[in-house]
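Novice: Below are the chains, spelled out letter by letter.
2 protein chains.
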Amino acid sequence: MTDVLLRGGLPWRPGPPAAQGPAAPAAQQRRPPATPEPGAPADILVRDGRIDRIAPGIEAPPDALVIDVAGQLVLPGLVEAHCHLDKTLHGGPWVPHSADDTLAGRIGNDMGRRAELGVPSVARIGALLEQMSAAGTTHVRTHTDIDPAVGLRGVEAVREAAAGSPVDVRQVAFPQHGVLTNPGTAELLEAALKSGVEAVGGLDPAGIDRDPVRHLDLIFGLAGSYGTHLDLHLHDGGSLGGWELELIIERTRALGLGGRVAVSHAYALGQLDEAYQDRLIQGFAEAGVAVVTAAVYSFPVPPIKRMRAAGVTVACGHDGIRDLWGPYGSGDMLERAMHVAYRSTFRRDEDIELALEAATHGGARALGLEGYGLAPGNRADLVVVPAGGPAEAVVVHPARTLVMKDGVVLHN
Amino acid sequence: MTDVLLRGGLPWRPGPPAAQGPAAPAAQQRRPPATPEPGAPADILVRDGRIDRIAPGIEAPPDALVIDVAGQLVLPGLVEAHCHLDKTLHGGPWVPHSADDTLAGRIGNDMGRRAELGVPSVARIGALLEQMSAAGTTHVRTHTDIDPAVGLRGVEAVREAAAGSPVDVRQVAFPQHGVLTNPGTAELLEAALKSGVEAVGGLDPAGIDRDPVRHLDLIFGLAGSYGTHLDLHLHDGGSLGGWELELIIERTRALGLGGRVAVSHAYALGQLDEAYQDRLIQGFAEAGVAVVTAAVYSFPVPPIKRMRAAGVTVACGHDGIRDLWGPYGSGDMLERAMHVAYRSTFRRDEDIELALEAATHGGARALGLEGYGLAPGNRADLVVVPAGGPAEAVVVHPARTLVMKDGVVLHN
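Order-wise, the sequence lines are chains A and B.
For the first sequence, numbering that gives the first Met the number 0 begins at 0 and goes up steadily by one.
For the second sequence, numbering that gives the first Met the number 0 begins at 0 and goes up steadily by one.
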């Protein structure tokens with residue numbers, strides 16, 4: 000494997016990781032080894048798929064590929080922490096959105112039209128992964144529909160596309176059409192986990208599945224039994240959503256699943272009064288529950304700045320990308336970080352940087368990635384961006400100069 | 000002047016213009032001459048800066064420049080209806096945002112730092128206009144700061160930059176730091192109008208200037224006396240903002256200024272209950288008041304679909320682009336239309352198209368442009384986009400294939 004020397008880039012180092020919940024794995028609590036001061040140019044030597052050294056003036060080993068990235072920002076691989084690869088129509092012709100404006104209408108439209116449109120499609124998933132990779136995404140967590148009609152075909156399609164892609168793809172077995180309300184789904188979730196799917200999902204335990212306690216007990220039980228992650232969609236808003244978040248905190252604590260539980264969307268968090276928000280934020284921090292936001296449409300975005308100050312892991316993702324649920328989304332995680340920062344009304348550099356953190360280290364923590372980040376010994380998953388700093392990279396999200404996965408230059 | 004024949008494009012024709020208020024100038028009520036069915040390919044012949052014909056199979060005149068745009072969408076020139084060219088730092092180095100999170104803090108920061116940063120700068124305004132033009136913008140209305148410290152220097156800088164640009168730039172004399180609360184400003188607004196500035200502005204008559212009736216009487220009086228347009232910033236929310244909108248409707252009617260009055264932002268509209276919204280929307284439609292939205296950050300977006308159904312003119316723009324008020328903004332009006340559609344939770348093609356309409360015909364109506372649109376006899380201000388339809392153009396906002404202003408190919 001050829002050594003690679005990136006010459007003169009600006010390795011990005013976010014602020015020190017905030018404290019993790021007590022149950023977070025030790026690997027996630029470790030501070031990265033010292034790297035140069037933020038903003039100081041340094042060379043990065045990559046050997047055998049790992050970062051060997053980060054320092055100014057590294058001498059190039061014989062036969063190394065030397066790439067000049069002077070003055071450009073070097074980021075760790077971008078982490079897409081919430082998408083729906085299996086649903087995508089990416090790469091095909093434009094499909095006008097055909098659902099009405101209700102959630103039930105979108106679910107019915109999805110079930111009714113996916114066969115006609117060839118969803119899930121290994122080719123389209125593969126095309127989207129290729130586009131994501133070109134934009135610097137090295138890791139993806141995707142929620143794959145599981146229901147008695149589609150069975151595990153989505154899981155298999157994603158697995159097949161991922162096998163042909165440099166992107167590290169992890170799946171969530173996602174009961175898009177309910178668990179308790181859709182007999183046979185619970186058994187399929189379990190079959191998915193048995194087959195190696197990395198996480199169990201859930202969906203509006205109250206709003207959709209009508210029995211929050213049984214829904215949560217079921218999916219937390221599966222996560223506990225199979226030692227997997229859990230990442231639950233929660234659109235339920237206001238005090239109902241807030242109460243469900245309490246139930247999630249309680250179960251994460253009781254089962255010792257801290258560091259392996261995430262709540263996606265969590266619109267309620269952005270709607271409650273600050274005192275209640277703070278109680279929930281404290282609960283997330285103590286129990287080790289991560290929050291994943293997509294900042295889609297006009298839906299409420301959780302209070303990222305206060306969550307990070309309390310040490311809660313915050314990740315982000317696109318949600319759907321060009322599918323029967325909506326036509327938007329490019330797969331570019333720097334553009335998505337822009338949406339997250341913009342909807343958070345982040346104007347100051349250090350605030351905008353929180354969105355970049357969500358699209359990198361936050362995602363890595365939520366997914367439980369090992370050996371992630373710009374430090375010697377870590378996997379050489381790198382992205383070079385023609386920007387002078389992290390805020391500019393998010394706001395402008397210019398085309399990537401270079402993408403490297405496990406030491407291999409994929410795009411340059 | 001060389002004839003130009005655009006071969007085989009898809010000329011976009013939005014739905015029929017909704018009814019205008021009774022006071023709208025007759026020129027704005029005219030339906031455009033018939034063009035081919037939407038989606039049907041046609042050639043466009045451009046002569047002497049005007050659209051000569053739109054039809055399939057036009058024979059190229061001798062010496063005409065023939066450009067193949069087969070299968071691509073042809074739009075009229077994009078209209079940026081609300082920006083702040085004079086404030087921009089575009090084209091210079093990244094300037095970290097330095098204001099606190101209050102409006103007063105941003106105003107103070109702006110006044111304190113603009114001299115240090117060389118604002119207003121003819122060079123930076125010119126660079127931004129060049130970028131806007133490359134993205135297909137042919138007309139801009141910009142709010143230029145007027146206050147006793149800066150005087151009319153902003154107006155002059157914008158005028159100088161515009162003179163060197165193909166973009167048609169119209170200014171609003173904008174009392175960013177108050178009128179009644181900032182003695183000397185009213186006289187400067189009048190001096191600006193005397194010097195040829197096309198519109199008078201205003202700013203939160205209650206929230207900032209503390210005396211809504213006197214503020215509105217003053218600026219409506221100026222618009223009436225000088226025969227100019229009026230475009231007022233209204234961030235005041237809830238019932239206060241709603242009541243100010245009533246005052247604006249009353250004055251527009253009383254002075255017969257319909258078709259020449261716009262309210263920018265109008266956050267209150269997105270916060271009121273539907274019954275109150277509907278009363279205001281009806282008032283806008285009857286009086287001829289346009290609404291200009293920027294869909295910035297997480298601020299409320301007015302109910303575009305219902306406003307358009309009632310015949311209210313809706314335009315859009317960026318608000319600030321890379322300035323002391325915030326670092327965001329690219330100048331690309333298709334990208335801005337995406338933000339407008341996205342924040343409106345528009346998923347269906349015909350809804351997304353409303354955002355494109357705001358960035359084209361809506362802006363043209365708000366600015367009172369004559370001879371605008373894809374019809375014979377109109378100015379040949381055209382943009383070609385590699386997209387199969389208007390919704391795709393907005394969602395993907397791909398790089399423009401061709402930009403033409405007054406029959407001259409600027410970017411190709």
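It should be emphasised that the hints constitute simulated quantities derived from the structure, not laboratory data.
Since we're looking at a predicted model, the values are computed, not measured.
Ideal placement from N, C-alpha and C gives every residue a C-beta, glycine not left out.
Hints may be right or wrong, so weigh each one.
[Claimed, not checked] Pairwise CB distance ranges, derived in the manner of DEER restraints:
(1) B:M0 <-> A:P95: 20 to 30 angstroms
(2) B:L116 <-> A:L116: 46 to 56 angstroms
(3) A:P61 <-> B:L116: 45 to 55 angstroms
(4) A:H234 <-> B:T101: 25 to 35 angstroms
(5) A:G48 <-> B:A103: 48 to 58 angstroms
Novice: The structure should be examined with respect to each hint, and the outcome stated for every one.
Specialist: Hints versus structure:
Take M0 of chain B and P95 of chain A: their Cβ atoms lie about 40 angstroms apart, and the range 20 to 30 angstroms is violated. As the Cβ distance of L116 of chain B to L116 of chain A is approximately 51 angstroms, the hint placing it in 46 to 56 angstroms holds. The given range of 45 to 55 angstroms is respected by P61 of chain A and L116 of chain B, whose C-beta atoms sit roughly 48 angstroms from each other. For the pair H234 of chain A and T101 of chain B, the supplied restraint of 25 to 35 angstroms holds, since their beta-carbon distance comes to about 32 angstroms.
Separation of G48 of chain A from A103 of chain B is about 53 angstroms and conforms to the stated range, judged on CB atoms against 48 to 58 angstroms.
In summary, the one numbered hint that this structure violates is 1.
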